[in-house]
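Number of protein chains: 6
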Amino acid sequence: MPVVVRRRKRIDARVIGGFQPFGVATVHEAQGRVGLMAPFMRPVFNGAHIVGSAVTVSVPPGDNWMIHVAVEQCQPGDVLVVAPTSPCDCGYFGDLLATSLRARGVRGLVIEAGVRDVQALTEMRFPVWSRHVSAQGTVKATLGDVNLPLVCAGTLVNPGDVVIADDDGVCVVPQEHADVVLKACESREKKEAAVRDRLAAGELGLDVYTMRETLAARGLTYRDAEE
Amino acid sequence: MPVVVRRRKRIDARVIGGFQPFGVATVHEAQGRVGLMAPFMRPVFNGAHIVGSAVTVSVPPGDNWMIHVAVEQCQPGDVLVVAPTSPCDCGYFGDLLATSLRARGVRGLVIEAGVRDVQALTEMRFPVWSRHVSAQGTVKATLGDVNLPLVCAGTLVNPGDVVIADDDGVCVVPQEHADVVLKACESREKKEAAVRDRLAAGELGLDVYTMRETLAARGLTYRDAEE
Amino acid sequence: MPVVVRRRKRIDARVIGGFQPFGVATVHEAQGRVGLMAPFMRPVFNGAHIVGSAVTVSVPPGDNWMIHVAVEQCQPGDVLVVAPTSPCDCGYFGDLLATSLRARGVRGLVIEAGVRDVQALTEMRFPVWSRHVSAQGTVKATLGDVNLPLVCAGTLVNPGDVVIADDDGVCVVPQEHADVVLKACESREKKEAAVRDRLAAGELGLDVYTMRETLAARGLTYRDAEE
Amino acid sequence: MPVVVRRRKRIDARVIGGFQPFGVATVHEAQGRVGLMAPFMRPVFNGAHIVGSAVTVSVPPGDNWMIHVAVEQCQPGDVLVVAPTSPCDCGYFGDLLATSLRARGVRGLVIEAGVRDVQALTEMRFPVWSRHVSAQGTVKATLGDVNLPLVCAGTLVNPGDVVIADDDGVCVVPQEHADVVLKACESREKKEAAVRDRLAAGELGLDVYTMRETLAARGLTYRDAEE
Amino acid sequence: MPVVVRRRKRIDARVIGGFQPFGVATVHEAQGRVGLMAPFMRPVFNGAHIVGSAVTVSVPPGDNWMIHVAVEQCQPGDVLVVAPTSPCDCGYFGDLLATSLRARGVRGLVIEAGVRDVQALTEMRFPVWSRHVSAQGTVKATLGDVNLPLVCAGTLVNPGDVVIADDDGVCVVPQEHADVVLKACESREKKEAAVRDRLAAGELGLDVYTMRETLAARGLTYRDAEE
Amino acid sequence: MPVVVRRRKRIDARVIGGFQPFGVATVHEAQGRVGLMAPFMRPVFNGAHIVGSAVTVSVPPGDNWMIHVAVEQCQPGDVLVVAPTSPCDCGYFGDLLATSLRARGVRGLVIEAGVRDVQALTEMRFPVWSRHVSAQGTVKATLGDVNLPLVCAGTLVNPGDVVIADDDGVCVVPQEHADVVLKACESREKKEAAVRDRLAAGELGLDVYTMRETLAARGLTYRDAEE
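Residue numbers (the working numbering), protein chains in the order written: chain S, 1 to 227; chain L, 1 to 227; chain F, 1 to 227; chain V, 1 to 227; chain Z, 1 to 227; chain Y, 1 to 227.
Everything labelled a hint here was simulated from the structure, so no lab data went into it. Hints are supplied without guarantee of correctness; some may be wrong.
Copies of the same chain are indistinguishable here, so a pair counts whether it falls within one copy or spans any two.
Capping the alpha-carbon separation at 30 Å, the derived lysine-lysine pairs in DSSO-like fashion look like this [as the list claims (entries may be wrong)]:
1) Lys183 / Lys140
2) Lys140 / Lys9
3) Lys190 / Lys140
4) Lys191 / Lys140
5) Lys9 / Lys183
Using the sequences provided together with the hints, build the complete structure.
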C-alpha cells in the first residue's frame with residue numbers, strides 16, 4: 001500500500017547545524033564506525049559538504065514519479081534520500097527537479113541510482129551524491145513510498161535522521177543519537193588537532209599513540225636489509 | 001574480411017550543428033529514450049560538449065592499428081567511435097592520435113576501451129569519452145573494420161549517425177531521424193524552459209504536471225506521522 | 001612472522017629524479033609494456049605527477065596499524081605502496097597520516113584499498129592513488145609486513161623499486177632496470193616529439209609509420225560506400 | 001560497545017514451518033515485493049531450500065571471531081545471518097563451523113562475505129548462501145555484535161525474522177508480519193496453480209490475465225511484417 | 001510508439017536445425033568471430049544446447065508486461081530474446097511464463113536481465129540464459145516493442161536471426177548469412193576432428209599448425225633454465 | 001624480448017604428491033594465509049582437486065599463440081598457469097588444447113581469462129580454473145613468454161611452484177617452501193580432525209578454543225533481550 005507520511009518532526013535545527021564543521025569521516029568515527037553508505041555513492045561535483053534532515057523516497061526501478069511526490073514534503077534544511085527497490089542506473093533526477101528542490105530550501109540529494117544534467121547541476125552548485133551518472137529517462141507509472149524507513153546504499157535511513165555528505169561519501173546519524181554523536185565529534189576533532197600538530201612537527205604516530213610496546217607484544221620483529 | 005569503407009556521406013552540416021545547443025539528456029528524451037550508450041562511458045575531463053558525424057572503427061582487444069587507418073577517413077566535424085570486438089581496458093589512444101585527429105578537424109573520440117595521456121588530452125582540450133583510463137600499450141598486428149555498423153557501449157552506431165556527448169554521457173541519433181529528432185529537441189527545450197521558471201518560483205511539479213488525480217487513482221495514500 | 005625490514009638501500013636519487021619529466025605511459029612503453037598497475041588505481045585529485053622509491057606495506061583487511069609502523073621507515077623521496085592481503089575498500093589513510101608522511105618528505109601514497117579525508121588531501125596537495133574512496137574506519141589489531149615484496153593492483157613491487165604515478169595511473173620500474181629504462185624513456189620521448197610535429201602538420205600516421213604496405217599484405221581492403 | 005543479546009524470542013515454530021512449501025519468489029511477492037536480499041547472494045550448492053529464524057552477526061572485515069560467539073546463541077531451527085561492517089570477500093566460514101552449527105540444529109548460513117571448504121559443505125549438505133567463495137583466512141581480533149538488527153545484502157534483518165532461501169536467493173519476513181505473509185503465500189500459490197494449468201493447456205497470459213484492453217488503452221499497436 | 005510486429009518470416013527450419021550439432025564456439029568462429037553475446041549471459045542450468053529463431057522483446061527496467069505480449073507471437077522452434085532498455089537485475093521470468101512458452105513450442109529464453117523460480121525451471125528443463133538470477137518482482141505498467149531489432153548483451157539481434165546457446169554462452173547468426181555460416185560450421189568441424197585426433201596422439205599444435213617458422217620470424221627465442 | 005625458458009627443474013614429485021590430500025583452504029592456512037589467487041578464479045566444473053608443478057605463460061589480450069608454444073614445455077604432473085598482460089575475457093582455451101595437454105599428462109589449467117567448450121571440458125573431466133567463460137575467439141599474432149615469473153589473479157607464480165586447486169579456488173606454494181608447508185598441512189589437518197570431533201559432539205568453539213576470557217578482556221558484553 002503506497003503511502004506518503006506527512007509532518008515528520010525534524011530534530012532541533014541547531015543540533016543539525018552543529019554538524020556542519022565536521023566531515024563524514026569524523027562523524028562516522030564519532031558514532032562508532034557505523035552509518036556510512038557504500039563507497040559507490042559519489043558526489044556529482046567535488047567540494048560540496050552538506051548536513052540536513054532526511055526525507056526518504058522509495059522508488060521502483062526506472063520510475064521517478066515518487067520524487068515529484070516527495071518534493072511537497074520537503075522543508076528548508078532537508079536532504080532528499082532516494083533508493084530504488086532494485087538496482088537501477090537510470091537518470092532519475094536532473095536540473096528541473098533540482099530547481100524545484102532548491103526553491104523549497106532543500107540542501108541536496110542522495111540517491112542510490114543515476115542522475116543527469118550534471119553540467120547544469122554543477123553550474124547551479126546543487127549538491128548530489130549518486131551511484132551513477134546517466135541520461136537514461138524514467139517513466140511515471142508506479143507508486144512507492146515517502147518518509148518510510150529504507151535501506152540506501154547498504155545503510156538504514158529513517159525519515160528525520162541526520163545526513164552528512166562530503167567528498168568522502170555519505171553518513172547517516174539516527175536522530176535519537178544526534179546529540180551524543182555531535183558531542184563525540186567535537187571531542188574527537190579537538191584530539192585530532194593536537195595530534196596533527198605533533199605529526200606535522202615530525203613526531204611519529206608510533207610515539208604519539210604509544211604503539212611500540214603493543215606491537216612488540218604482538219610479535220612484530222625488525223631486521224635490517226641484507227643488501 | 002577486414003574492410004575500410006570510404007566516402008560515407010555525411011548528413012547536412014547544418015542539421016548536425018543544430019544539435020549543438022542540446023545536451024545528451026534532451027536529445028535522448030526527444031528521440032523517445034533510446035540511443036544512449038551505457039553510463040560507464042565517461043568524459044576524460046568535465047565540461048566538454050560535442051556534436052558530430054560518426055566514423056566507426058572496430059578493433060581487436062589490445063590492438064589499435066585500425067585507429068591509425070581510420071584517421072584517414074575522417075573529415076572536419078566527425079567524431080571517431082571505437083569499439084573493441086571483446087572487452088578491453090588497454091590504452092588505445094593518447095596525445096599523438098589526438099594531435100592527428102585535431103589536425104583533421106575531428107571533434108572528439110568515443111571509445112568503449114581505455115585511453116591514456118589524459119593530462120595531455122586535458123591540456124589540449126581534446127574531448128574523449130571512454131570506458132577506462134589506462135596507460136597499457138597496444139599492438140599493431142590484427143585488422144578490423146572502418147565505417148561498418150557496430151555496437152558501442154550497448155548502442156548500435158551506423159557510420160554517419162549523429163553523436164552527441166557531454167558530462168551525462170553519449171547519445172546516438174540515427175542519421176535518417178536527425179531532422180525529426182532535432183525538431184523534437186527544440187520543442188522539448190521550449191517546454192522545459194517554461195516549467196523551469198514555474199518550479200523556480202516555488203510551484204510544485206505535482207501541480208505543474210497535474211499529477212495529483214492520477215496518483216490518487218493509482219491508490220496513493222497520505223497519512224500524518226504519529227510521532 | 002610479521003617483520004619490518006629497515007635500511008633498505010635506495011638507488012641513486014639522480015636516477016629516480018631523471019624520471020620526473022616522463023609520464024606513466026612513456027615509462028610503461030619504454031620498459032616493454034610491463035609494470036603497470038590495474039587501471040582501477042585512480043588519483044584522488046587530478047594533475048599530480050610523482051616519482052619516488054617504494055616503501056612497501058602489507059596490511060590485513062580493515063586494519064591500518066602497519067601504515068603507522070611504516071612511516072618510521074620512510075625517507076625524503078619515498079612513495080608508500082600499500083596492499084591489503086585481501087580486497088578491502090575501507091579508508092586506511094586520511095589527513096593525519098598524510099601530515100605525518102609529508103613531515104618525513106614522502107612524495108605520495110599508492111594504495112590498493114580506500115582512503116578518506118579527500119577534501120583535506122586535495123587542499124594539502126598530498127598525492128594519493130587509491131582503488132577506493134571511503135570514510136570507513138579501520139582497526140589496529142593485526143600485524144603485517146613492511147618492506148617485503150608484494151603484489152599491488154596486479155603488479156609485483158619490491159621495496160626500492162621506482163614508482164611513477166600520474167593521471168594515467170601507476171607504473172613500477174624494478175630498481176635494477178632503472179638506468180636502462182630511463183635511457184629508453186629519453187630516446188622514446190625524442191622520437192615522439194618528431195612524430196607529434198609531423199602529425200600536427202597534417203601528415204597521417206599511416207605514412208609517418210609507413211603502415212600501408214603491411215596493412216595491404218595482411219589483407220586490408222578498401223571500398224567506397226554505395227549510398 | 002560490542003554486545004551479544006541472549007534469549008531472543010522466536011516466533012511460533014509452526015508459523016515458520018508453514019513457509020517450508022513456498023519458494024523465495026512466492027514469499028517475496030506475497031509480502032509486497034520487499035525483503036529480498038541482493039542477487040549476488042548465491043547458494044554454495046543448488047537445490048537447497050530452507051526456512052528458519054534469524055540469528056544476526058555483525059563482523060569486522062577479515063575477522064570471524066563473532067561467528068564463534070554466535071554459535072552459542074543458536075537453537076534448532078535457526079538460520080545464521082552474517083554481515084561484515086564493510087565489504088569483504090574473505091572466507092569466514094568452513095566445514096568446522098558448519099559441523100558446529102549442525103550439531104546445534106541450525107538450518108543454514110546466510111553471509112554477505114566469503115565461505116570456504118565448499119566441497120565439504122556440499123558433501124555435508126549444509127546449506128549456505130554467500131556473496132563470495134574464497135579460501136582466504138580470517139583473524140580473531142576484533143569484536144562485533146550478535147542479535148542486533150543489521151543490513152545484510154541491502155536488506156534489514158532483525159533477530160528472529162523469518163529467513164527463506166532457495167536457488168533464487170534469500171528473502172526476509174519481519175517476524176511481526178509472518179502470520180499475514182504466510183496466509184498471502186498460501187492464497188497466492190492457489191491462484192498460481194490454477195493459472196499454471198491454463199497456461200500449460202495453451203491459453204495465453206494475455207487472456208488469462210485479461211490484458212488486451214489495458215494494453216490497447218495504453219497505446220500498444222500491432223502491425224504485420226513487410227518482408 | 002510501442003509496436004508488436006506480427007508474422008515475421010522465419011528462415012527454413014532445416015537450415016536452423018542444421019546448426020543443432022554445433023556449439024556456440026564453433027558457430028562464432030565459423031562466422032568470423034562475431035555475433036557472440038557478452039559472457040555475463042549464463043545458463044540457469046548446465047548442459048542445455050538450443051538452436052532457434054529469434055523473437056525479440058524490448059522491455060522497460062522492472063517491467064515484464066511485454067513478455068506476456070510476446071508469447072502470442074511465438075511459434076514452435078522460436079527462442080525468445082529479451083533486453084531491458086536500461087540495465088536491470090529484476091526477475092522478469094519464472095515458471096509460469098516458462099509453462100506458457102513451452103506450451104507454444106518455444107525452445108528457450110535469452111534475457112539480459114534476471115529470472116526466478118530457477119529450481120522449477122531446472123526441473124522443467126526449460127533452457128534459459130540470463131544475466132542475473134533474482135526473485136525481485138516486476139510490474140506491468142509500461143509498454144515496449146516486440147519483433148524490432150535490439151541490442152542484447154552487446155550484440156545486435158534482428159527478429160528471425162538464428163540463436164545458438166550452450167554452456168559457453170549465446171551466439172547470433174543473421175538470418176541472411178545462415179546458409180553460409182552453416183556450411184562454414186560443417187567444414188570447420190571436419191578440420192577440427194582431424195586435428196583433435198593428431199593432438200590426442202601426442203602431436204604438438206606447433207607442428208600440426210606449422211607455427212615454428214613464423215614464431216622464429218617474429219623473434220621468439222628459447223633458452224635453458226640456469227637453475 | 002619474448003622468451004621460452006626450457007628445462008625448468010621440478011621439485012620432487014613425492015613432495016608435490018604429498019599435497020594431494022589437502023584442500024586449498026588447508027594449504028593456504030598452513031603457509032600463513034598467503035598465496036591465494038583472487039576468488040574470481042572459479043572451476044569450470046565442480047569437484048575437481050588437482051596438485052601440480054606450474055608452467056607459466058604470459059599472453060597478450062585476445063591472443064593465445066603462446067599457449068600452443070607452452071604445451072611443448074609441459075611434462076606429466078604439470079599445471080599450466082596463464083595470465084594476460086591486460087585483463088581479457090576472451091576464450092583462450094578449448095577442447096583441442098585440453099586434448100593436447102592431456103596427451104602430455106598435464107593435470108589442469110589455471111587462467112586469468114576466458115575458456116570455452118566447457119561442455120566438452122566437463123565431459124573430458126579436464127580441470128580448469130578460469131576468470132571467465134566465453135566463446136570469443138583469439139588471434140595468433142603477438143608473442144609472450146613461457147616459464148618466466150608472472151602475476152596471475154593477484155598472486156606471484158614462479159615456474160615450478162606448486163599449484164593446488166579445488167572448488168575453493170587456487171593456491172600457490174613457492175617451490176622452496178614446499179617441504180615446510182607440506183609438514184604444516186599435515187599437522188594442521190591432525191588438529192582440525194580432533195576439533196571436528198568435539199564440535200560434532202556439541203562442544204562449542206568458544207570452549208574448544210578457550211576464547212571466553214579473551215573475549216571478556218576485549219570488552220564483549222552479554223545482555224538478555226527485553227522482549
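Do the hints match the structure? See the list:
1. Lys183 / Lys140: Cα proximity of lysine 183 and lysine 140: across copies only (24 Å, versus 43 Å in one copy).
2. Lys140 / Lys9: within (28 Å within a copy, 36 Å between copies)
3. Lys190 / Lys140: between (49 Å within a copy, 21 Å between copies)
4. Lys191 / Lys140: Between copies only: 18 Å across chains, 50 Å inside a chain, cut-off 30 Å.
5. Lys9 / Lys183: Answer is within: at 22 Å inside a copy they meet the 30 Å cutoff, but 35 Å across does not.
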